[in-house]
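Asks: Build the full structure now, drawing on both the sequences and the hints.
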Amino acid sequence: MLELRNIHGGYGKITILNGVSFAIPKPSITTVIGPNGAGKSTVFKAIFGLLNIQSGQVLLEGQDVTRQSPRQMIGHGVTYVPQGRNVVPQLSVYHNLELGGITAQDQVKLRKRIDAVMDQFPMLREFRDRKAIELSGGQQKQLEVARALLLDPKLILIDEPSIGLSPNLVQEVFRTLLRLRDQGVSVLMVEQNAKAALAMSDYGLVLELGQTRMHERADRLLADPRVGQLFLGGHVAPSAQGATSPHAG
Amino acid sequence: MSQFLQVFLSGLATGAVYALVAIGFTLVWQAAQTVNFAQGEFVMVPAFFVLIGMHWLGLSFWVALLFGFAVSIVVLGLLFKKLIVEPILPHGGITLIIATMALGILLKESAKEFYGAEAQPFPAMFPGDQIDVFGAAVSLRDLLNLVISLGIVILLTLFLNRTRTGRCMQATAQNPGVAEILGVDVKRMVLYTFLINAALAALASFLITPVYLAKFSNGETLGLIAFIAAIVGGFNQIRGALVGGLLIGVLDNLTATYVTAQYRAALPLVLLIVIILVRPQGIMGTSEGRAV
Amino acid sequence: MSDPVLSIRNIEKSFGGIRAVRGVSFDVHKGEVLGLIGPNGSGKSTLFNCILGQLAPDAGEVSVNGRSVAGMRASQMNRLGVGRTFQQLSVFPKMSVLDNIILAGQEHHGTMLSRLFGAPDAGLTGEAERMIAFFRLTHLRDELAGSLSYGQQKLVDAAMAFMAGPSLVLLDEPAGGVNLTMLSHFKERLSAYNAEHGTTFVVIEHNMEFVMSLCTRIIVLAEGAVIAEGSPDEIRANQTVIDAYLGG
Amino acid sequence: ADTVKLGLVAELSGAGAPAGTNWRDGAKLAVAEVNAAGGILGKKVEMPEYDTQTDPQVSRALVQKAIDEGVIAIIGTVYSGSTMVNMLVAKQNSIPQFVGSEAPAIVEKGNPFVYRTSSGAQKGVPALTPYFKDTLKAKKVGVAWVNNEFGKGGRNVFIAEMKKAGIDVVVDAASEQAQTDYAADVAKIKSANPDAVFVYMNQEESARFLIEAKKQALPMPLVGEVTLTEAKVIELAGNAADGAIAHVGVTATATEVPGIAAFAKSFEDTFKRKPTHDAIKGYVGVWATKYVTDKVGKVDGEAFAKTMHGLCLKAADHPKILLDTCWDDRGEMSRPSFMVQVKGGSPVVIGTVPAN
Amino acid sequence: MRGLSVRDVWRSVAIALLLVAAILLPIGQKNYIIYVLTSWLIFTIAAMGLNLTLGYAGQISLAQASFMAIGAYVTALLTLAGWHWLAALPPALIISFVVGLILGYPALRVKGHFLAFVTLAFNTLVFLVLRNEDWLTGGTYGLSGMPRPDFGLFSTDKHLPFYYFTLGITVIAALALWGIVRSPWGRAFKALRENPVRAESLGVDTRRVTLLAFAIGSVYGGLAGALITPLVQFIEPGSFGLAHSLRILLMVVVGGAGYFFGPFIGAAVVILLPEVLRFTEGYYLIIYSALVIVMLVFVPSGLIGVWGRLKAKVWPKQQVRTDMAEGAGLQ
Ligand SMILES: Nc1ncnc2c1ncn2[C@@H]1O[C@H](COP(=O)(O)OP(=O)(O)OP(=O)(O)O)[C@@H](O)[C@H]1O
Ligand SMILES: Nc1ncnc2c1ncn2[C@@H]1O[C@H](COP(=O)(O)OP(=O)(O)OP(=O)(O)O)[C@@H](O)[C@H]1O
Ligand SMILES: [Mg+2]
Ligand SMILES: [Mg+2]
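Protein chains in written order, with our numbering: chain A, 1 to 249; chain B, 1001 to 1292; chain C, 2001 to 2248; chain D, 3001 to 3356; chain E, 4001 to 4331.
Keep in mind that a hint or two might mislead.
Straight-line distance between alpha carbons at most 16 Å, and here's what the computed EDC-like set of lysine to aspartate or glutamate pairs gives [what the hints assert, rightly or not]:
1) Lys-3137/D to Glu-3069/D
2) Lys-26/A to Glu-134/A
3) Lys-3320/D to Asp-3294/D
4) Lys-3272/D to Glu-1113/B
5) Lys-3140/D to Glu-3161/D
6) Lys-3133/D to Glu-3161/D
7) Lys-3215/D to Asp-1129/B
8) Lys-3091/D to Asp-3300/D
9) Lys-4030/E to Asp-3068/D
10) Lys-2094/C to Asp-4157/E
11) Lys-4030/E to Glu-3069/D
12) Lys-13/A to Glu-2143/C
13) Lys-3214/D to Asp-1129/B
14) Lys-1187/B to Glu-1086/B
15) Lys-3215/D to Glu-1086/B
16) Lys-3214/D to Asp-1132/B
17) Lys-195/A to Glu-2209/C
18) Lys-4158/E to Asp-3068/D
Per label pair, the in silico range of CB-to-CB distance [as the list claims (entries may be wrong)]:
19) Lys-4311/E to Leu-1057/B: 42 to 52 Å
20) Val-1278/B to Ile-3350/D: 26 to 36 Å
21) Gly-77/A to Arg-2067/C: 52 to 62 Å
22) Pro-2093/C to Arg-4208/E: 15 to 25 Å
23) Pro-2093/C to Lys-4313/E: 21 to 31 Å
24) Lys-13/A to Val-1074/B: 46 to 56 Å
To be clear, the hints were calculated from the coordinates, so they are not data collected in a lab.
Built from N, CA and C at the ideal position, the CB exists for glycine as well.
Replies: Quick look at the structure:
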């Protein structure tokens, strides 16, 4: 489905990704984990055409899509939910949703889909005509997640959906992703809430210092003691608290 | 009474012109979150394009008008967007504002160098017939200005809020990053904004130059007053520009007639400062929502 | 039990037609770590904003250490020893990490004049560097805060709340986006700090593991009102809370 | 060197640009003619341009610059505010300066090196008094003026004159430079209903005022000084200018004077537009520099000043001075002037006022 | 304490060289050039003030020229009344400070373009008062004949001594500002610019900081005005209109807002570039404004950013972030 070949890239003159390579099969859910600042979000930006890629290739279903614009990526059936808050502040909830389907051809179908996501996240219907900026943090996140589901994507890139969402909604989002996978959609997700995320994923990917460290079946990663210690909240050995190499293990 | 009516109605007519220019400010703000300090010059220049068409190319007035309109759209819309807005916009509002100031000088000086410093007469599109309204003389042209401003406010408001393209333009202005990841054609939206702005400026130019006369320095005062009108109206509402423009036109005349001519420029400013301090979002503006 | 450090009574806040907070009252005692949880949009952040002077409540009263803080500005509250973080990333993007952290402490050192004529860092570099080291950000000390990753910024944000040596800290979703290993480190340190200095914490969080293991008492808000209150175990078992919030 | 330099310091941009560029073009025309006639002291004349941006501070610096660069005379500036400052610099360096400004104060400072190219407001405006008093028989008058140093100067002289003549000033309407809406001004005048109105504004302000006056059907005569009946104003105001009256020092429409007719023609040929009052002033300034320098026989500011004071140049001997012109010992200028009225879209001389 | 880094050393050397250049530059030049160089210094001071208000503290102000007016008129009136310039300076600065504080009040309520408007209106009001109240200010005719200061052995009557006098003051003003921006106050100013809500919650009294940002910026405007008076020896309202405030804003942005040395470069471009272009006569303003636009297109963060760009061109080194190059934790 998606393959990254030895991606190098970063911000301005600074290189963040030092050779990221992996491939995800179709349909599947892959969760990316790694310490803060490992470059997880940067990988997503690289895929979605938002990063200055210095070298390497991004392949989507075998086709080279390196350095294509976000608009083109959407055209290929990829949608992206970035980390943090990403709504259009002064537009209403409904119009924010509608923007999520701005590239859709079939308006009637789009309206139906908007209805469907509103069923899934009832808050959206309740606050349909409120400005997005007025929503609470978690409500905005719901809006964003819902927005990414409108277009019938082939691949969803979703960066830490659990931030700000209440536990029942996190479960709801995970269930939705599972359902989508069963309908043939691939999901690439970053999650710090790694145990829960890996538990529902097919594959896990460990990213560290801008490189892929491990890429395994999710259950194996969950069982790996090194992973448990480093990323799942195990205790850090005192000797590992080096200042320059914060993640040494 | 007829004196009051006279200055009031004249103030409305002048205010309608301010409004027309002020709409440009709000539009650019709503669609690109920046302020075009060359807006006054954008209204000054199209009249000169028409004059060039008439006097240098020998076109008839109506053909020259079309010519001027087309050239304005290309120069003030397309070229402005491509050469100035696009490269500078990502680096933030203030830089672009300064660039538009420089552009204002450029347009002004060019008009002067190539067409002369003296004011030129400019033919009117509509007859200046006068009507008597309870003893006050009002020209048909004044009424038309008012009607056209009103019409444009309504049309633009509908366009921005009721059409998908209009909302895409707003999204682009408010959060270009998000607009981009949602697949909005950001560059095209910015282009639309500036094309519409250029068209409005040209229209304003054709409407007011018969009265204001074509002169290189017309933009200075006009741009400034329109800027003030846009702010007073709230900047984030197209209809605010209309209210702000009319208010300033009327206030200025009433001050000059009944209070003080020497400080006629001051009293409206003081009033407006008070308004803004009491209602920081402007008269028609809505608050921008949660900050925390 | 001692007098409450923070006491809120009947706080009300509406936005247009929406009643975001509906008459919430509770006390927080010295040394407590109170969890504040509830579904999205239940008014948690709004409550924080009302307590800290970022928003003016429509009704109700807030007092800190027995003193009413009505109409007090956030900076004054901060000088009283109340620190906070925001749910949204809230750093100073074009300042270095070090400057961010020093800024968070400088207003508590010296006077206006000494801050003008004294040392440029108000004598805080050492303390700031220790704070940075604790959050494992030493290698990023001179980077602009805005160029950090989400989780890193979140940590800078948290670090800032501690620089003034506060006696009461209100944290709005400190765990969001923070790596679990770092988070458990943070949690331990928070407990230690609490034990050592008797600092009081109020924590809004959706990460239940974090809340349940850290807090001594939990208050649950829903639709702007308190629907449950109790120890972590009680809350975990409360059916209303499970239905409204935790999910099955 | 085999050239001499005149420094053209003028308002080439900013609010004063219309006046400044006309002044420049008149002067340019004169330089071309002077060179064709053998130059000054037999040397070719060059005239570098210095743009003051209508800013007095800049004008001062530029007069300094021109002098640094070795000009033998300064031609400019037109706006009185600028002239008041920069003439100090010319004075320090004993450089003669021909100015287009009309504010009274300029010749009152005892500066021997500054000379007018038209008479100041304190001469021009009083020339109108008999017109108001005897011809119009006005008992009460109004004044509409532009609130800058030009307008204010004229207005102050006018008010003082009316007081002397025992005429009431019943309405005093100040307007801003570049103002566009004159409804309030005209309405105020209308309701005060004076017998005549003195209008003292720059070109397009005058035009806009006339248009509004016509719109509101202002019944009384509108009388101005120079600007009100200029060709440009008439072009801009169209038939609204009909009936406007002005006192004019020299006017390009006074074509019965042969020098003026020739000047107007060659100006129009060169610049494709009609000359204004300011163009004539610039023209006269350059020619006066030539005549006087040639008379002195060398480049010497002190001697120039001595010659200038009390000098009269007869048009018969010095045709390019256009009309018989005299300068008094303060640099004030006098020459015959005209009363002009706009009739059927063009100014018609309705009377001559002798030099005073 | 951190020691002097290589960068600091380079910077000190560069500053020393510039200072020497500033001292040598006017020697042997004609009056006019010295005059222009002096105005460059004076406008640099005004722009430094605006740079503090706008560049550091993020408060847009379109009224800097009106503070120059206040400084200029106060000094003019007092020196005309026989005061020594040095005695007239403190009142000029104090009045600027107080008026600056007052102008800061609206900034507590409104931000962005509204603030721009309020300051713009203020500038216009000051202009109108100066023009209309001619009993005090001389109206449109202005005030003239103000003496240049005389310090016993050192008289500034000639252009060259006056230039050195101005240079001395500029250096003092720059040092004072340098002290401010690197003190905790400077940090608080930047915090106000970047995130006022967060700053407030960290104990920064943003109201006070906002007012101070205006007041200090205004003092620099006042100082510049106090120097214009003896330089031009003539002042009138038109020299302090809105256009001049915009010009100072242009200096700040072209130089690089928020960079300490930005105003020096910005004022140089805005004041000196037109002079360099004057030989093109009618076209100089056209060329000048076009150049400014080109500059902003290619170096939008101000000319001070050119250095970084050049360096990147000359040493096109790909950087790997230190933390990204470190060894692995997992393998
Ligand atoms: N805009 C930027 N400019 C410069 N550096 C950046 C920028 N964004 C991120 N970085 C740096 O790139 C590195 C990787 O950042 P990234 O956001 O990809 O991390 P992440 O793995 O997503 O972390 P987190 O779990 O905290 O979200 C970090 O060290 C960060 O400081
Ligand atoms: N400025 C505002 N204008 C209008 N409505 C607002 C505003 N701020 C908050 N609200 C509304 O008030 C309610 C409570 O919001 P609040 O941010 O306090 O929720 P929360 O409990 O923090 O939720 P979350 O867990 O998602 O952060 C929400 O319905 C929100 O839409
Ligand atoms: Mg990330
Ligand atoms: Mg919240």
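Asks: Check whether the Cα positions of Lys-1187/B and Glu-1086/B lie no farther apart than 16 Å.
Replies: 8 Å, holds
Asks: Could you see if the CB distance from Lys-13/A to Val-1074/B stays within 46 to 56 Å?
Replies: Taking Cβ atoms as reference, Lys-13/A and Val-1074/B lie about 38 Å apart, which means the hint is violated.
Asks: Do the Cβ positions of Lys-4311/E and Leu-1057/B conform to the proposed distance bound of 42 to 52 Å?
Replies: 51 Å, holds
Asks: Lys-3320/D and Asp-3294/D: Cα distance at most 16 Å?
Replies: Judged against 16 Å, a Cα distance of about 14 Å means the pair holds.
Asks: Would you say the C-beta atoms of Pro-2093/C and Arg-4208/E sit inside 15 to 25 Å of each other?
Replies: Holds, at about 23 Å.
Asks: For the pair supplied as a hint, Lys-3272/D and Glu-1113/B, confirm whether the alpha-carbon distance does not exceed 16 Å.
Replies: 14 Å, holds
Asks: With the threshold set at 16 Å, check whether the alpha-carbon distance from Lys-3133/D to Glu-3161/D stays at or below it.
Replies: 11 Å, holds
Asks: Given the hinted pair Lys-3137/D and Glu-3069/D, is their Cα-Cα distance within 16 Å?
Replies: Judged against 16 Å, a Cα distance of about 54 Å means the pair is violated.
Asks: Hint check: Lys-4030/E vs Glu-3069/D, CA-CA at most 16 Å. Holds or violated?
Replies: 9 Å, holds
Asks: Checking one constraint from the list: CA of Lys-3140/D to CA of Glu-3161/D, max 16 Å. Satisfied?
Replies: 13 Å, holds
Asks: CA of Lys-4158/E to CA of Asp-3068/D, is that 16 Å or under?
Replies: Roughly 15 Å separates the two Cα atoms, so the pair holds.
Asks: Does Lys-195/A pair with Glu-2209/C here, judged by a C-alpha cut-off of 16 Å?
Replies: 11 Å, holds
Violated hints for the displayed structure, listed by number in ascending order: 1, 2, 10, 15, 20, 24.
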